[in-house]
Amino acid sequence: MHREDFLMLNKDIIYFDNAATSLKPKCVVDKICEYYNEYSANAHRGDYDISYKVDLEYENTRDLVKDFINAKNKQEIVFTSGATESLNLVVNGFFGPLIEPDDEILITKSEHASNVLPWFRLAKKTKAKIKYINLDSAYEVTLENVQKAITPKTKIIALAQVTNVIGDIRPIKQICKLAHDHNIFVVVDGAQSVAHMPVDVQNMDCDFFTFSAHKCLGPTGVGVLYGKLELLEQLEPTNLGGGMNESFEDEEQVMLKSLPLRLEAGTPNIEGVIGFGEAIKYLEKIGMDNIASYEKSLKEFLIDKLSKISFIDIINIKAKSGIVTFNVDNIFSQDVAYYLNKYNVCVRAGSHCAKMLKNETGIKNTCRISLYFYNTKEEIDKLVELLEDKEKIIKEMF
Amino acid sequence: MDQELKREIIMENYLHPYNKEKVSDDKYINVNSNNESCIDNIDLQVLIDDDKIVDIRFMGEACAISTASTSIMIKELIGKTTEEALKMIENFENMVEEEEYDKELLAEALVFDDIFKQKSRKTCATLPYVGIKKALNEYRNEKNGNC
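From first to last, the protein sequence lines are chains A and B.
FYI, the numbering for the first sequence is 120 to 517, going by our numbering.
FYI, the numbering for the second sequence is 14 to 160, going by our numbering.
Honestly, the hints are just simulated from the structure, not real lab data.
C-beta atoms are modelled at their ideal positions from N, C-alpha and C, and glycine is treated no differently.
Where hints are given, some of them may not hold.
[Claimed, not checked] Pair by pair, the computed Cβ-Cβ distance ranges are:
no.	chain 1	residue 1	chain 2	residue 2	range
1	A	Gly165	B	Asn45	53 to 59 Å
2	B	Leu99	A	Asn449	33 to 39 Å
3	A	Thr386	B	Asn43	44 to 50 Å
4	A	Lys439	B	Asn45	36 to 42 Å
5	B	Glu103	A	Asn460	28 to 34 Å
6	B	Glu113	A	Lys439	52 to 58 Å
7	A	Lys474	B	Glu103	29 to 35 Å
8	B	Glu25	A	Phe420	36 to 42 Å
9	B	Lys33	A	Arg122	42 to 48 Å
10	A	Lys296	B	Glu25	57 to 63 Å
11	B	Lys35	A	Lys248	31 to 37 Å
12	A	Asn409	B	Glu103	55 to 61 Å
13	A	Asn460	B	Asp15	23 to 29 Å
Please model the complete structure; the sequences and the hints are all you need to start from.
Structure below.
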């Protein structure tokens, strides 16, 4: 769908690495250029027309994000440099002062490094404990296993809504209900979900939700932290500086701005935020439901074809997202990716930043295909044709 | 060397790598070599006695080029003195970096003489050499420490 909007697709490539980053439609790139060419000024200075225009555009993106994920209030939307920074901000700014020794933080072994390493450090510093929710035989999270992992000491559950290797869609709404019944906070990493399906943070009732713009058609270097207002109010800024303070006299008299600016110190990534607004408008025009159902049909088409190849092992055959992770028998994943690259097919090989997952699957490295709405069945046919011929893979893998 | 022969040698060393097994012997020096830019990751075990490389073993997960390069390197280096080994390593690195080198010193490792054409695979070919240099350094430091 809508391939004509993506100049990158004129380059004769088949792009199947959308879980790493998405391509950008021309309107997003144009919007960024428009900012630099027509109203290039700083934000939140409003003393002259073009600066006022920057404010309008920048804050317009905040409104768009609010509606995109159905937050209650635009103050609940904080711009960051990406999902990684958003997660670090929640971990350090909110949970840092709150967590106590022996509190338990529940994650899984299939989380991305960004939803693991900040918790590891917090736990180490505060003597809290990292605990893992068991994955089922398909490496997915079930409500039952979350229930089993909860103890009276559990304080936080931090999970991706969709994981980047297994691609399972977690039952976040039910997990939030269960967690809140036990006074547990829920942090949701939405990096792999928000571009591919409708997300409603109020309906889900998560406490924090984080994602990156670049995986949903937006520019790199922009992310979002959503938090329930009453919780964000308690989040201590980890960055201090310009744009986030109201006044200061000495170390005793520092007044910070209200949300969300309090959490956006320094000149923000203005071009990125404004470009991201355009990406959201574009996504909404297509409709997230349409994107989800189109991706689902592509995924089923791919799985159907790939599963017929006897020497290909699909690791996440049950997963519902557009992520397919596989290995070719006895061929190192990187050699497969290298071979496909010879035919301009972009797939990712490796551990995909989920380095604990190997303890569960027993497989360290895999090839990953991640689909988006601009992919086609014809592209999948081409991929399958290349993968069907093992002799050819071996012959051309270096 | 013609392309077909190169291919054959690389495939042979990839499918049947030489000394791809670990030993438990604390006389061996253990080093790890991994590419930060990709996912190759090998452990080398090196036994040096009186300045002579007696044995090298390896384990790990790596691509065809890294695995073949490791296998070939091991075959070339066993039996050499540490000084001869360092010379061979330097020549190999020069070859990969398109600088002058002595073909005589590289033997089978010449199969990688045009790897520079595939920029992304240069680090695959040099991976074991990064590891063996670490081991040789460790040996030298230990030796100097003991003196």
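Taking the hints in turn, this is what the structure says about them:
| no. | hint | in the structure |
| --- | --- | --- |
| 1 | A:Gly165 / B:Asn45: 53 to 59 Å | 55 Å, holds |
| 2 | B:Leu99 / A:Asn449: 33 to 39 Å | 35 Å, holds |
| 3 | A:Thr386 / B:Asn43: 44 to 50 Å | 49 Å, holds |
| 4 | A:Lys439 / B:Asn45: 36 to 42 Å | 38 Å, holds |
| 5 | B:Glu103 / A:Asn460: 28 to 34 Å | 31 Å, holds |
| 6 | B:Glu113 / A:Lys439: 52 to 58 Å | 57 Å, holds |
| 7 | A:Lys474 / B:Glu103: 29 to 35 Å | 34 Å, holds |
| 8 | B:Glu25 / A:Phe420: 36 to 42 Å | 39 Å, holds |
| 9 | B:Lys33 / A:Arg122: 42 to 48 Å | 46 Å, holds |
| 10 | A:Lys296 / B:Glu25: 57 to 63 Å | 59 Å, holds |
| 11 | B:Lys35 / A:Lys248: 31 to 37 Å | 34 Å, holds |
| 12 | A:Asn409 / B:Glu103: 55 to 61 Å | 59 Å, holds |
| 13 | A:Asn460 / B:Asp15: 23 to 29 Å | 25 Å, holds |
When the structure is compared with the earlier hints, no violation turns up for any of them.
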